[in-house]
Amino acid sequence: MALRRIISTAFPAAVTLVIVTSWACEPSIAQVPVDRQRSQTGLSQNLTSPQVASSEQDRDGAFQAEDELRKGTALSRKGLFSEAIPHLLEARGRVSNEYAASFNLALCYVGMREFKQAIQVMDDLRRSGHDGAEIENLRAQAYIGQGQPKEGFASLEKAAALTPQNEKLYLFVADASMDHQDYALGLRIVDIGLLNLPLSPSLHYERGMLLSQLDEFDRAKEDFQLARKLAPGSEIGYLSVAQEELLAGNLPEAIRAARESISKGFQNPIVLTILGEALLRSGVNPDQPEFVEAQTALQKSVAERPNDPSSQIALGKLCLAAGRLDEAIAHLEKARQMKPGQPSVYANLAKAYQRHGDSQAAEDALAALAQLNQEQAERIRSAPGDRKVSYGGTAAGVEPNEIPK
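Reading the sequence shown from the start, the letters are residues 612 to 1016 in the working numbering.
If you're looking for bench data, these hints aren't it; they were derived computationally from the structure.
Where hints are given, some of them may not hold.
What the hints assert, rightly or not - Listed below are the simulated DMTMM-like cross-link pairs for lysine to aspartate or glutamate, each with C-alpha atoms no more than 20 Å apart in a straight line:
#1 K962 - E938
#2 K875 - E833
#3 K761 - D734
#4 K911 - E944
#5 K761 - E725
#6 K962 - E944
#7 K875 - E915
#8 K727 - D742
#9 K840 - E778
#10 K840 - D802
#11 K962 - D975
#12 K769 - D735
Said to hold, decoys possible - Label-pair ranges, simulated between beta-carbon atoms:
#13 D678 - R966: 29 to 37 Å
#14 R738 - K911: 41 to 49 Å
#15 Q965 - G758: 29 to 37 Å
Just so it is clear, CB atoms sit at the ideal spot from N, CA and C, and this is done for glycine as well.
With the hints as extra help, turn the sequences into a complete structure.
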């Protein structure tokens, strides 16, 4: 199971926005202080601000625009990107801090996987003179999501040249690669990060996740164990143990590690999903207290990161096991919208629709699953050398330097 992560970033005017692409290590919002007040950004002269409004109508319009920006920001912080976008569109071009409105909008588009729109917004920012590491970071994620890895890697290199010690830069972009199932590219990015930050437990955890997707589990274990050694008793340490044990199929230990993490106050959505998934895999029944524990964990994870497909799939599977078919279908369909290339979505959707009595929808899900399996088989046939394919559907044994520049 490829567990998605919540990533966070800071953006202008000390406003912090949470978006989905990836981060697997911290549940809290990571703040990168960037003060982009109007006097510092060189904003275009056609912006309306309350201070310079020449009439009561102008002032009302300016206040309304600023309120739209605040509303969009608040919704974005909750991960409600589709709801935030209309407010940010309304604010864009009408607020004193145009950079904030535009950059936040691009972040929401990335969170909604509307990568083309995100790139267009960032192109507008570039044309207005804004071209920093945070924009290149987001451009890299958007390009990779758009299926343009060369452009994404070029943006990553620009951002890394500007902020080589920015750990989250490498995590964000590597996880965008994982989300796009380009695990070899993700490894290349993480290796660049480790050249600059060799003792980063988060980067070692990330490399372990990428290697596990390539069925390089022996190598992945080394990184999980190193992450735990570098940060003993920390959130990333517990997460590394729980993830390693889950991937190894050692469900009792995965459950124990996740529970211990939660008891220590480290209740990030990734750990909650691991706990719920491990309990489900252990075969708990709806009439057992452990089933309720799994449900509580997964519901909390989905509430905290509604745009994460892994949490939605796990909760959909739980609802399916409980016979709550409408709920199962709703969660699985959300996961399909967010990650249409995930085979487990269609396998579970087929079961849910079949039990629901919708044979046509079940057949459609099975057809989509067969198509994904066919594409995976084609990748096996066309892959050079002796490579395995992981459950994520990407050829294993790919070294980072095999990605073309």
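To see whether the hints hold, each was checked on the structure:
Taking the CA atoms of K962 and E938, the gap is near 13 Å; set against the 20 Å cutoff, the hint holds. A C-alpha spacing of about 24 Å is found between K875 and E833, which places the hinted pair above 20 Å, so the restraint is violated. Of the pairs offered as hints, the one joining K761 and D734 holds, with about 17 Å between alpha carbons and a cut-off of 20 Å not exceeded. Proposed proximity of K911 and E944 is supported: the alpha carbons are some 19 Å apart, at most 20 Å.
A distance of roughly 19 Å separates the Cα atoms of K761 and E725; the hinted pair therefore holds under the 20 Å criterion. Distance check on the hinted pair: K962 and E944 sit about 13 Å apart at the alpha-carbon level, within 20 Å; holds. About 19 Å separates the Cα atoms of K875 and E915, which keeps this hinted pair within 20 Å; it holds. Our distance criterion of 20 Å between C-alpha atoms is met by K727 and D742, whose separation comes to about 18 Å.
Of the supplied pair hints, the one linking K840 and E778 holds, its CA atoms being roughly 18 Å apart against a limit of 20 Å. Restraint check for K840 and D802: the C-alpha separation of about 19 Å stays at or below 20 Å, so the hint holds. Restraint check for K962 and D975: the C-alpha separation of about 12 Å stays at or below 20 Å, so the hint holds. With a CA separation close to 18 Å, the supplied pair K769 and D735 stays within the 20 Å bound.
Taking the beta carbon of each, D678 and R966 are about 47 Å apart, not inside 29 to 37 Å as hinted. Between R738 and K911 the CB atoms are about 42 Å apart, so this pair conforms to the stated range of 41 to 49 Å. In this structure the supplied range 29 to 37 Å holds for Q965 paired with G758, their Cβ-Cβ distance being about 33 Å.
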